[in-house]
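Chains as they are written, first to last, in this note's numbering: chain A, 1 to 322; chain B, 1001 to 1322.
Since the hints were made in silico from the structure, they are not lab data.
If you're wondering where the values come from, they're calculated on a predicted model, not measured in any experiment.
Hints may contain errors.
Far from chain B, by Cβ distances over 10 Å, these chain A residues were calculated [to be verified]:
{"#": "1", "residue": "62"}
{"#": "2", "residue": "187"}
{"#": "3", "residue": "321"}
Listed next, with one range per pair, are the computed distances between beta-carbon atoms [claimed, not checked]:
{"#": "4", "chain 1": "A", "residue 1": "114", "chain 2": "B", "residue 2": "1244", "range": "36 to 46 Å"}
{"#": "5", "chain 1": "B", "residue 1": "1084", "chain 2": "A", "residue 2": "228", "range": "35 to 45 Å"}
{"#": "6", "chain 1": "A", "residue 1": "90", "chain 2": "B", "residue 2": "1247", "range": "30 to 40 Å"}
{"#": "7", "chain 1": "B", "residue 1": "1157", "chain 2": "A", "residue 2": "186", "range": "39 to 49 Å"}
{"#": "8", "chain 1": "B", "residue 1": "1076", "chain 2": "A", "residue 2": "90", "range": "26 to 36 Å"}
For each residue, glycine too, the CB sits at the ideal point set by N, CA and C.
There are 2 protein chains.
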Amino acid sequence: MIAVLAGGVGAARFLRGLMLEVEPQYITSIVNTGDDTVLHGLCISPDLDTVTYTLAGAIDPERGWGLENETWIAMGALSRYATTRPLHSHAAPTWFNLGDKDLATHFYRTARLAEGATLAQVTAEIAQAWGLNLQLVPMTNNSVQTVITLAEDCEAGKAGAEISFQEYFVKHHHSVAASAVKFVGSAEATPNGLELLASADSVLIAPSNPLVSIAPIRSLAGVDNILAQRRDSVCAISPIVNGTALKGPADRLMTELGHESTVVGVAKIYAPICGTLIIDNADAHLASAVEAQGMRCIVTDTIMKSPQVSAALAKTALDATR
Amino acid sequence: MIAVLAGGVGAARFLRGLMLEVEPQYITSIVNTGDDTVLHGLCISPDLDTVTYTLAGAIDPERGWGLENETWIAMGALSRYATTRPLHSHAAPTWFNLGDKDLATHFYRTARLAEGATLAQVTAEIAQAWGLNLQLVPMTNNSVQTVITLAEDCEAGKAGAEISFQEYFVKHHHSVAASAVKFVGSAEATPNGLELLASADSVLIAPSNPLVSIAPIRSLAGVDNILAQRRDSVCAISPIVNGTALKGPADRLMTELGHESTVVGVAKIYAPICGTLIIDNADAHLASAVEAQGMRCIVTDTIMKSPQVSAALAKTALDATR
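Isolated chain A (complex conformation) (with noise of 0.2 Å):
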């Protein structure tokens, strides 16, 4: 059995090319939830459904998310309420686009979590209707909430102003300064991932978002433990490549929150619960000191451009934790 700990984009790309290694029935993907959003009173979880959406083939290849031959009609109407709503108001934010198809995934979702089930049940119901054969796993059953604060006074706000991930992302385009990331929600990890992390064979960590993505699963009681009891057989890959993030703000919420946007400050911040970082080929002259920081370093092409690529990219994790 093996366990990936996954964000977005960037690991269900690699969770694509993993499928092409090995059975996808061996797989379980433990995925973030802290960019979890309600709007309009629908519940709403970008992570599970880029992973989703993109291992059925279903992906808009062009924007990484959503639906492809999406269509955008019932957002468009919204700009009506927008214009009109109240001034304190909130409500018809047009700034979350969600597409016509894709609001199928949510109205199923809000609908069985009303009827009593847990997250965890209708991702799977999700991924089933869906037609995949892997497990994915919402990291927690409750709700943790990803939230940023504001470095400086901004568009989005005051400095010290808290906002969720979305706005931050989203809304925000993910370019005003951030001083901290918090995880708020005393949530606990799913049950049956947390035994997998214990229990799988191997343990990868995807290229995604050290501190966004994958710190929210790590922020969950028992996750470190776990992972730093069976280090060596755990396995990350470095969403950095010669210093800045393929896709989103890794690089620079790395550098705003103090740490060295590098292949070496990933090391740095992974070292503890992981035994083996691959670094892309780029990076080749920093694996030495990616292993003073007590990792072992492999050096490959990370970048994704293909199913074949992330295949290959897969299989070397693999390996190193065999």
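Please build the complex by placing chain B on the supplied structure of chain A, with the hints as guidance.
Same frame as chain A, now just chain B:
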């Protein structure tokens, strides 16, 4: 000031005519919300929306509900989950059609209620967003549910089972026999609606279903007492013409629940609270039987084939209350 008790389609057409006779700012419509439901986590108020969309000139003229030029992409995508949900689950219902543009209204209502706004506030905001100048007031800010008891074993359940109004009306196409209608919930009438019923110059009861559109409003404490005290300036239009309902189940419900499905049956229901009943030319022979119930009876054209007919009907009703 004119107050109009209203259900859905018939009331909407009547109000459209009334607005041709009277400046909209003098009209307040108190609208049934016993049909309201929650689907996919969204707060849906079918009668309020039918009235709003009709008066905004945006209703689909064929269906009589929902928006014209509507698309159904979200509903189409929902079928994936409807066919894969667990057997015991009612999530992803596809029997209640929600158009993509219409969804924006439910998104806004749901979000505003979650922000703490009352349904009356949200209803006013939605009416304003659609450019309406009359006042729309939900009958209550609380939850009242119109519940139908099944008369016999049928596709909807066992005899004696209770189903929601929308299950009765939409899911089962109001084709199952009812033995009772009740209104569940400890609701108060919307305060300004109740005041208006006392102070308005005229109260009109639109040609809506007496048992499931007007009765929920009448079930609220104070409404019938206020109307009884001023019954000479209250005028109703019969929704029953020649023994049948122009739309919906009013005729069969009246029979099933022990009323005559005629204008005389309507007169018996409204006589305690209403001084005048307007009936269609087709029922002219029943005018004296209506008058025998202690009401004035006016015979005219009540079939609202055009806004002009609706306007003439509204003028007749208004004149009757003066």
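Self-check item: Hint numbers not upheld by this structure, sorted from lowest to highest
Solution: none
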